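Asker: Below are the chains, spelled out letter by letter.
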Amino acid sequence: MLEWEEHTFLGIKALYERLVTRPQERAAAEVRVHLDPHRQRLFLLAQMAAKRGVTLFETEEIALCDDRRIFLPPSFDLARTREANLAFFEIKTLLAGLAIRYAWPDDTLLVERLPEVGETFPRLPEMISQTVKAFPESAHFWEALGTVYPSELKGSEQTGQMGEDGEGAEPAEAEITEIRGRGQLDVAVEEAQEDDGDGFETPIHTFEKAETLEESSGLSRRKDAADELRDHEEALRQLDMTHVLRSRERPASIYRADVLLDAVAFETAGSGNRGIPYPEWDFRKRRYRDGWCRVQESEVEIADMAWITDALARRRGLIQTLKKSLAAAANERRRARRQPAGPEFDLDAVVEGQVARRAGCAPSENIYQEKRRALYDIAALLLLDRSYSTEGYLGGRRVLDLIRETIACVGEVLDELLDQFAIAAFSSDTRHHCAFDWVKPFGVPWRSARARLGGIRAAGYTRIGPALRHAQEVLMPLPAARKVVILITDGRPCDYDRYEGLYGIQDVKRAISTGKDHGIDTHAFAIETRARETFPTMFSRQHFHIIPKPINDHLSLCELFFPPQGRIRSQHTRVKPEVEKEETVRSNGTAGHPPVPNIPAVAMLIVGSPALYRRRDLCLHSDQDCHPYRGCDGWS
Amino acid sequence: MSEIFYLESGAESAIFEGAWKARLPVLIKGPTGCGKTRFVRHMAERLGRELVTVSCNEDTSATDLLGRHLLLGGETRWSDGPVTRALRSGAILYLDEIAEARADAIVVVHSITDDRRELFLDRTGETVAAPSEFMVVASYNPGYQRSMRELKPSTRQRFIALEFGFPAPAQEESIIERESGCDPKAAKVLVKIASKARALTELNLLDPISTRLLVSAAALIAGGQPPRQACRAAIAGPASDDPDTVAALKQVIDLHF
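The listed protein sequences correspond, in order, to chains U and P.
In this text, residue positions in the first sequence follow my numbering: the first is 1, and each later residue adds one.
In this text, residue positions in the second sequence follow my numbering: the first is 1, and each later residue adds one.
Treat each hint with caution, since some may be false.
DSS-like, lysine-lysine: derived pairs with alpha carbons at most 27 Å apart [stated by the list, open to error]:
1. P:Lys185 to U:Lys324
2. P:Lys21 to P:Lys188
3. P:Lys188 to U:Lys324
4. U:Lys133 to P:Lys152
5. U:Lys133 to U:Lys285
6. P:Lys188 to U:Lys323
7. P:Lys152 to U:Lys51
8. P:Lys250 to P:Lys152
9. P:Lys250 to P:Lys192
10. U:Lys516 to U:Lys285
11. U:Lys51 to P:Lys21
12. P:Lys188 to U:Lys51
13. P:Lys192 to P:Lys152
It should be emphasised that the hints constitute simulated quantities derived from the structure, not laboratory data.
Because the structure is a prediction, the values reported are computed rather than measured.
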């Protein structure tokens, strides 16, 4: 039973809320401005004010900027009007941009900088004074702007130097955080308990300078951020694993070894019906498991302008090289003869026409020729693996960085080459959570999307099947003559819930062949030499490329996308350029697409081989709505 | 005295004139709207030569430049192309955006840009020698976004090169003033706006805001349009098709007028 005081209190509280708190909240909600819809515009304003690449960083904390990021709140409602709240976002962005441009120190009082501001943006001080009026107190405005934040970059550099303990830094050595162990059979797997930081620790014997690690029996060491792997390298090489743990936690370092797991089926809890359902192929039963996987589609949220500016600047030479080597392929034209209209005469046809006229017959009117681009009408989707394994190192470089920078270069070139291309990253965490994150969806300009490449973070596992199926689903309705998925992965399908071995390979294979039947071609690049084992099974010959080890530069990776000129064919050594590629397209009837040309190797990659140029009519069903993964059982 | 206005920003006219006297071809590099074509017109007038301009595009072929046989009734008749015509008359031949032309068209200029200075027309079997007043000028835009064309070194190294950028602020102001007749204050602000927008160009977020756009904006202002409205129409609109970019540019314009 409640006492009368309590009733009274609750009554007054309710009254207070109804009369004071809620109207305040309602009023705030009415004038509140969210960052999201204005983000792109503010981003551009920031670049113009700072005159260099800066990134917008969404945070609740009150700070202005550091040396490359501008901090903005997700929403703002301190001012009394909506306009003033929006203006606050704009003012903050501009001031922060100026702070970065002129490198204002940490203790800068923004009010004192107004003359300088007026110098650059004559109307900005006026805009500020008007906006301040809409705030209950002018101090609120200045406080909400925050101050220049000491640069995080400087901080980490300092600690990095401190950490070396005065020894000569050897960057090559510091970078190794992956160690390869020997293969192992009969390993039992246990699920890791959440938060077991205080659990038992694997015994590590330390003798003077040598450490040994004899056996891991499923006990987990306390996890910490320190990267000790290199110190234990020798010891780890001797490691005998009888039990291993599976954990969702992100590893600090990677110890890679082949293990054959005992046959425990992992069934993981689903999260209801979130996401788009896709079937998965069970090769043992030779049928699909309906709606087995759920794909959650989203976008990479972080756009790292500074990263992309930096990456593009560093790779400018490479991009130029690529563009040059591709110019020939991109601009190659083939002659279509005997057309009813065109910019030039087809002399053969003209002569024939004259002959026909003199002979008293009606001459053909198709006496023109025109040239058409050989690379036509293609939609390409680049699908990047961003599973944890991309945190590994290859030739001293993190695989994920290698992939991202390569895609940045490739994107620059593709942007000029193809009208329709998209980039997405995928990862998975059991069949219920297959993430498909757009970096650049179709239709979004490359220039405004590319900064998101810098925002890709490694996560989860490599369930290739659902990602491929979703990619096909996206490509299918697009109006392009050729559709291609380009898959970049570390080579093996695997997921937490036993999506591995032959099962995974067969599922991927099935997805690829289904796509092929619907006119979608798949090419794959493997970043690991060991993919030699799985790739030939998954992909038909000539549709996979394994990146040889070691990779020292991006050129070798990019070359896979765009083989260098020599291998395509030399532009300058051709004897009769025109005659060689001439092919006749008759105008009568079916000249909708020119026949598949003799495409150079680059184009092979992007265009796909002529044999795969198939259409939907391969589907057994005559039904128009027939679809590979939705309600058609023709494929099962 | 010259009729066509051009404000010198370096020693370019002296170099051009020297090249003409030495019978050297000139290559002009620079972004769109920075005054390349204006400079060539100005120089042609100053040297008193006829100017033959060819705007190259990706379909420009050797035939388009040299000439072709036309069909007249049952007969064919040879018709000179612009290059052949300029050569015969000793004019200044201006190949605008030369990198856009097809490889076979670019190679055509090889024999007239080195010391041979003659052209062989394979269709008619004729060799045309260049008179001493004849000169080849080519322009191209190395940073052009949508073009992946680059000149081959064998072509590029036949020319002497002049590199054009946007003029320095003070010069750009006087160009705007002179071209549009607007007042100096407006010209100053326009240049300020452009300097901010060009930061986006450097980051590849925007096609360059050219001097040409600024002159158009100034002309609208001089014609009595409110400055804000004029700039929105002449700068923000043509600079980009992306709504966010246009909105951001408008905002920057509003912060100046």
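Asker: Now, for every hint given, state plainly whether the structure supports it.
Answerer: Hints and how they fare:
1. P:Lys185 to U:Lys324: Roughly 44 Å separates the two Cα atoms, so the pair is violated.
2. P:Lys21 to P:Lys188: violated, 38 Å
3. P:Lys188 to U:Lys324: violated, 40 Å
4. U:Lys133 to P:Lys152: It is violated: about 61 Å lies between the C-alpha atoms, which goes past 27 Å.
5. U:Lys133 to U:Lys285: Cα-Cα ~72 Å, so violated.
6. P:Lys188 to U:Lys323: Given pair P:Lys188, U:Lys323 is violated - Cα atoms ~38 Å apart, limit 27 Å.
7. P:Lys152 to U:Lys51: Outside the cut-off at roughly 33 Å; violated.
8. P:Lys250 to P:Lys152: violated, 40 Å
9. P:Lys250 to P:Lys192: Holds - the C-alpha atoms of P:Lys192 and P:Lys250 are around 14 Å apart, at most 27 Å.
10. U:Lys516 to U:Lys285: holds, 22 Å
11. U:Lys51 to P:Lys21: Given that 27 Å is the threshold and the Cα spacing comes to 43 Å, the pair is violated.
12. P:Lys188 to U:Lys51: holds, 19 Å
13. P:Lys192 to P:Lys152: violated, 37 Å
Hints 1, 2, 3, 4, 5, 6, 7, 8, 11 and 13, counting from the list given before, are not met by this structure.
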